[in-house]
Amino acid sequence: MRQRKVVLFLVGLALLLLFGGVPIPILDPFLSGIERTVYDQRVRSLPPRAVSDKVSIVAIDAKSVQELGRLPWHRGIHARMIKVLKQAGARVIGFDIIFCDKVPPSENAALEKAAREAGNVISVITRGRSERKLCLLPPSLEAAFAGFGSSVMIADQDGVIRRVPLMAGYDEQKGVPAFSLMVTGLYETPEVRFEKEPGFVWWKDSRVNMEGLRFNPVRKGNVLRWNEHEVPVLPSTDASETLIPFWRAREGDFVPRYSFVEVLNGKAPRDAFRDRAVIVCATEDVNDTFMTPLSKGATFESKMPGGEVHAYCVSALLEGRSFFWERLHDSPHVLFLLTFLTCLFLLWLSGWQRLASVSSLGILFLGWALWRQSEFHFVEIVRPLALLIMLSAISAAYESKRLRKVLGQLVPRGVAEKLQTQEASLGGKEIKATILFSDIRGYTTISETVSPQILMELLNEYYGAMHAAVEKYKGEVCSHLGDGLLVMFADNREFSRRVKDHPAAAVKAGLEMLTGLKKLQEKWKKESKPAVDIGVGICTGPVAWGWVGAAQRRQPTPIGDTVNVASRLQGISAEVGTPVILHETTYEEVKEEIPCKYIKSVSLKGKTGEVKAFGVAALIGLETMQNRSKEPGNGQ
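Under the numbering used here, the first residue of the sequence shown is numbered -3, with each subsequent residue one higher.
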């Protein structure tokens, strides 16, 4: 019971650490990496959607670079593009192009004029070398644009872009809004004009009171509210980060893409940009490409241009589609239910019922998480599933150990392990083994002199000492025959623990049994209990190892002449005057290691002819092998 409480305490601690989201330095990087990979697979598994009808991309592609030259281009080219897109009915024009570098004022003049006349141009700005210092535009060009947004994106440890900061790392009251947020704000609130204060970008309009301005993002908890939108913000982030809703299109690109040079030359479809947010970005000859959950590899072709990532964000914001990330401890009711059921299963169920219940709970949780995913709520699954798998493994290991312990009390350990991994063969198999047979001398007389209760206590103490001796030399107790003990030593893992030198191990175990018995005799003498002596017979040879008994109940046991000889040798141990008798087959195996002495040839009950009996020299008063020359077969 105490052990069970300790196990439950450890399980509860694991629940707290893994379900509660407490950082675990060793596990967190590993689990987070798996979670990211699983998240990418979940994003790719979402059903494909129709092509976006609110956002288009004008791509500076290979064809444009071939005709107009490598970037950066003369800013007059971008001015021409603004005019073309404005005439085509673009509602917002977003340039994912940096205009911070210094150029002759004449270059900026055309761009300034085009941007001022269009009135709907948003440009990106980026950080300089300092994390909190912006790469600023020339004042005249800055005044011409309707607004600016941050192009900062966040790559995870594996280099994949999955999230974007809506406020570029600044607080919610003033900072640099994301480029996609600015484009969306101007799309939905065309009357807004954005002005800049030193070091920060504000959203202002000289004609609109700040209190009545719809485009005024404010973070409340894990949500950024603005206009009529609520954008989910990732928990435990100070930069108002949100997941980028990547989608697969049913056909072609999710965001329609048109070549810059073709649009400039009037070859694009007439209605391609009408009432749309248009993102102008480079897709060729740039370093602004990223790995995304939709990428199929790390090649340039599989990466997504930064402008296209912004386009995905703008499309999601305009359509009110967001990806929600849910940690399990952000859903307290689910956490409580999962924790309660897990503890209940561990506390009240036992055995394989516990394993099956915890595994079923994991399947139900995974099903619930996938159902939530259909609503674009991505519930973290790796950490809870890792916990449930761990609990299942612990439960299985605990149950396996318990079952092995129970079976080990009924059958040899090797058989117990085999029963757990495969169906035991009911037939027999011949192996070479050493059999040790021991018996209490005068057991019948002893049983007449003491009560059954005292006799049972005496036998239990006796068997405890004998088992300890056998265990020391890796023998397998095959059966208890009243006061007798049948032990097998073999070099065969299928049926027992492997003992390479099993004849010597059996002899040493027999000697250890006598040592243990001597200690018991001293103890029993003080307790006025009857003295007990034993005889031990040992024989090495072939045995048939298998299951013996009726169809309803069988037990594993060795069968054969080797077993019979060991039993008969034990029976004559008192007659020949030594407690441990070895058959000649065992003697031949151990004579170089254990000093032994030939006693005599004896006739055994039920056997024809005589067998040679040997004794351990130390037990018959001999400490060396001086009498080996007198053994039969050595000229005597």
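Check the hints yourself; a few may be wrong.
Capping the alpha-carbon separation at 20 Å, the derived lysine-lysine pairs in PhoX-like fashion look like this [as the list claims (entries may be wrong)]:
| hint | residue 1 | residue 2 |
| --- | --- | --- |
| 1 | Lys521 | Lys504 |
| 2 | Lys82 | Lys98 |
| 3 | Lys299 | Lys59 |
| 4 | Lys428 | Lys525 |
| 5 | Lys587 | Lys608 |
| 6 | Lys515 | Lys525 |
| 7 | Lys263 | Lys82 |
| 8 | Lys109 | Lys79 |
| 9 | Lys98 | Lys59 |
| 10 | Lys98 | Lys50 |
| 11 | Lys299 | Lys263 |
| 12 | Lys504 | Lys428 |
| 13 | Lys468 | Lys525 |
| 14 | Lys522 | Lys468 |
| 15 | Lys59 | Lys292 |
| 16 | Lys299 | Lys428 |
| 17 | Lys515 | Lys425 |
| 18 | Lys514 | Lys496 |
| 19 | Lys425 | Lys468 |
| 20 | Lys504 | Lys515 |
| 21 | Lys263 | Lys79 |
| 22 | Lys496 | Lys587 |
| 23 | Lys514 | Lys504 |
| 24 | Lys425 | Lys504 |
| 25 | Lys470 | Lys504 |
Read the hints as simulated data drawn from the structure, not as lab findings.
Structure-based check of all given hints:
| no. | hint | result |
| --- | --- | --- |
| 1 | Lys521 <-> Lys504 | violated, 26 Å |
| 2 | Lys82 <-> Lys98 | violated, 26 Å |
| 3 | Lys299 <-> Lys59 | holds, 19 Å |
| 4 | Lys428 <-> Lys525 | violated, 40 Å |
| 5 | Lys587 <-> Lys608 | holds, 14 Å |
| 6 | Lys515 <-> Lys525 | holds, 13 Å |
| 7 | Lys263 <-> Lys82 | holds, 16 Å |
| 8 | Lys109 <-> Lys79 | holds, 10 Å |
| 9 | Lys98 <-> Lys59 | violated, 27 Å |
| 10 | Lys98 <-> Lys50 | violated, 34 Å |
| 11 | Lys299 <-> Lys263 | violated, 27 Å |
| 12 | Lys504 <-> Lys428 | holds, 18 Å |
| 13 | Lys468 <-> Lys525 | violated, 27 Å |
| 14 | Lys522 <-> Lys468 | violated, 27 Å |
| 15 | Lys59 <-> Lys292 | violated, 24 Å |
| 16 | Lys299 <-> Lys428 | violated, 67 Å |
| 17 | Lys515 <-> Lys425 | violated, 39 Å |
| 18 | Lys514 <-> Lys496 | violated, 29 Å |
| 19 | Lys425 <-> Lys468 | violated, 26 Å |
| 20 | Lys504 <-> Lys515 | holds, 17 Å |
| 21 | Lys263 <-> Lys79 | holds, 15 Å |
| 22 | Lys496 <-> Lys587 | holds, 16 Å |
| 23 | Lys514 <-> Lys504 | holds, 15 Å |
| 24 | Lys425 <-> Lys504 | violated, 27 Å |
| 25 | Lys470 <-> Lys504 | holds, 11 Å |
In this structure, the hints that do not hold are numbers 1, 2, 4, 9, 10, 11, 13, 14, 15, 16, 17, 18, 19 and 24, in rising order.
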